[in-house]
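So you can see what is in the structure, the chains are spelled out below.
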Amino acid sequence: MERRSCVAGFSSDSLMSKLLSGKLATVAGLVGLLFLSGCATPPPADDPDAVAEFQQLNDPLEPMNRTIFDFNDWLDRNALKPAALTYRAVTPHFVRDRIADALANAKSPVVFINDLAQGNVSRGGVTLLRFLLNSTFGVAGLMDVATPMGLPGHVADVGETLAVWGVDEGFYLVLPLFGPSNPRDAFGLGLESTLDPLSYYLADHKMRWVSTIRFLTSGLSQREAYIETLDDIKRTSLDYYSAMRSLYRQRRDAQIKDALSGEWAPADSINKRR
Amino acid sequence: MTTSRFTLLSFLPRGLAVLALAVSALLSSPAAAEKSPEEAQTFIQNLAQQAISTVANQQLSDKDRNENFRRLFVASFDLPQISQFVLARYWRTATPEQQQDFVKLFEDLQVLNWAQRFKNYKGENLQVTASAKDGDKGFSVDSQLNHPPAQPMPVQWKVRQGDDGQLRVTDIVVEGVSMAITQRSDYNSLLQGNGGKIDALLAALRTKIDQMRNGNG
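In order, the protein sequence lines correspond to chains Z and A. With the numbering used here applied, the first sequence covers 1 to 274. With the numbering used here applied, the second sequence covers 1 to 217.
What the hints contain is simulated information worked out from the structure, not anything from laboratory work. There could be a bad hint or two in this list.
Computed far set for chain Z versus chain A, every beta-carbon distance over 10 Å [said to hold, decoys possible]:
id	residue
1	C39
2	A50
3	L57
4	M64
5	P109
6	M149
7	F171
8	W209
9	S211
10	R214
11	A243
12	Q250
Below 30 Å or equal to it, Euclidean Cα-Cα: the simulated DSSO-like pairs (lysine-lysine) are [claimed, not checked]:
id	chain 1	residue 1	chain 2	residue 2
13	Z	K81	A	K208
14	Z	K257	A	K208
15	Z	K81	A	K122
None of the values given here were measured: they were computed from a predicted structure. The beta carbon of each residue, even a glycine, is placed where N, CA and C say it ideally should be.
Just chain A, with the same shape it has in the complex (with noise of 0.2 Å):
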């Protein structure tokens, strides 16, 4: 990395090169500080408990719940990286808008998903139990969710450091299912059943959303 940029610099002229070394170092500073696994624990534990506190509320309008998640939802979920994740090669042939909507329509429909499985809140609680790294700025945050008398229910969280040094989730892996996996089949296969029109992933994503929101998933 180093040799390449000296190399680089040593043919740029001068005042660019004093432009480009206070980018780098506007890249590097301390917001973008490495995280660490034990950081990532903490993380997956503050938004367990903030979700219990603010969206498992019983006396919730569910108007409201859907808010408190969804502000909960977008600050503390990496929703371009899954979404990226989600389509997968169809990503690719996606135009900006169609990504743009698809993250957009996937926020709205997880945001209905988690609010319906909030509203059947029995008290659970969810204990952080250990954390690893997992690849570059990834981790693997494991935790169990409590619900005597029944066995605890292994919940693995896939946490990954943004370029903005924040921490966010990109999958849960409930007793070895992954969301992001099967997402992943389901609306793939979607798509291929449509000739991988993203369109028609799109409308099949709207009629899902409206069919929620009047109740009758």
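With the rest of the complex left out, here is chain Z (with noise of 0.2 Å):
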């Protein structure tokens, strides 16, 4: 009984049924599986004030999204912040930026894949601008000689463009390693790889690891631009679980109105300034 409460909270418009198609049944079957174990039970129908709030939660997996929080928590504790620590120490803060800068550079192709998508073609004439410019005079996207030019970056992802299209965000959802996110997020995120041409191009040239190279780098450059914010919400909150949910939701909820309203904001503000 528990397990179709659980199932019908996001099975009627969300990206499950969509996704329920070919190969990803499977998968789909196997991380069923998961949600039967993991499903939170729902407050009693007569206390109404808990059942908006559950609603409003909207993490009907609430015991399994915190098993894997927990894990995650402690793959971050033993291994990902004192990584990003150690980058810290060895490198000079110029250094990280320009790698900063060389990675958000080899993203842009899809950022601008991703404005063209989302109809937002003033932001994708800045990607593509901005990628132009940072490639050349840039020198491989390790300067980014755009944004003093007024020309500030911004990111766009597949899962941002689904919900410019009208995607319901479904439910919450932890991944392994990847953290707070949503079925259609989590989707976005795996498309995010075949709509790089960039990865393409080092799978033809047998340079796969330079992707892996990527991928670890980006990880670790993250980590370390997030140190002293996770610490801070970490020590504030009385439930970091709950925390966490809260402000990916807010975060991801500004970023896609913001896509919405297919303005560059950033850009203004510093040209006022100016």
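Starting from two chains that each stand alone, build the complex the way the hints lay out.
Structure, rendered in structure tokens:
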């Protein structure tokens, strides 16, 4: 019974039904097995406040999510954060900035595709221009020369594009290693590499190892950038899990709102300042 | 509003009516004059400057920094309003004593959190860029936290004019993430896990505050 209520919570108009075709069905079936053991108990129907809260939290798999979250946190404390701290200790700030810029530049084609898919032509134009400027004058993207010219970067991903197209987030989902997500964003994450021309190029030229290094460096670079932020959230929250859930949702909503508006607000404020 | 006041007046004895008028005149005295978005903007700019000069000072001892911040925080943040928002439906079920306890503990914890954040101050400066009216007696003030060469970080302030006419902060939204909403989810989840018992939340807050004081949050 509980299992049915859990599945019914997201099957209607979420991405899940769209995913259930072909090879993905096997994966979905396996994931479904995990779901069965990880369903949250819905509150009694005679407590409308609690029911409203349950729906608003939209976290029917909370027990499973918490287990994965704890695993991720364990991994973070024992491997990722120490690695990020070491990375910070052994590299000057300038070098880390160059690495972050190069990684962002390498991601530009995917951002560009998403900008266009979202119907944000001007944002796409900025991405393209940035890519051209930074790849040439910026020495293979190592220097972000476009931002000082009033063309700051932005990110766009497949999950965001799907949201712009009207696909619902589904429900809260914590992915192993990748952390806070939902079926829509998880699907987008999986699709990300298949959209990346650079990945194809590297695969065709038997240089998959470059992709691996890129993936690892990107993880390290991002974790390093969030050392203080994550420390702060962990230190100030009573329940790290729910704080992260709320933060992820809000941040995502803001990004999607931004993508829907089609504006690239940061550039405006910078131009005003100059 | 006016019509209802007049019908009410006609039912009141004359002496009481005079008293009621005097009270309503007091309530709408110039002290409670409505603030403009520009004033809200100035308020935030001053608040940031004060914070940087009295709290971010690296020479301060932890104790002085906490004291300075508490003074600034209590004067400039609408703690009762924030507490009510953060506790959401549990505010209604809490006893007045629990509400008071919560406001006090929330204040203590926020002071410790912010003092810690300001301890890591590295010369960032806050630049107010715009402000607008936001609901009744509310304002939203846009600003950005600058720390070159990093990209400026957008910070939005929710400001409300209290019944005493003073402007106070009710929320800070950093890159689209509201502190009040995050705290509400955090605290509500703890309450939910403890059958909605406010005392469980108060106990958790006390533990957290002790941890922070002992320097291992």
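Earlier hints that do not hold, by number: Failing hints, ascending: 2, 3, 11, 12, 14.
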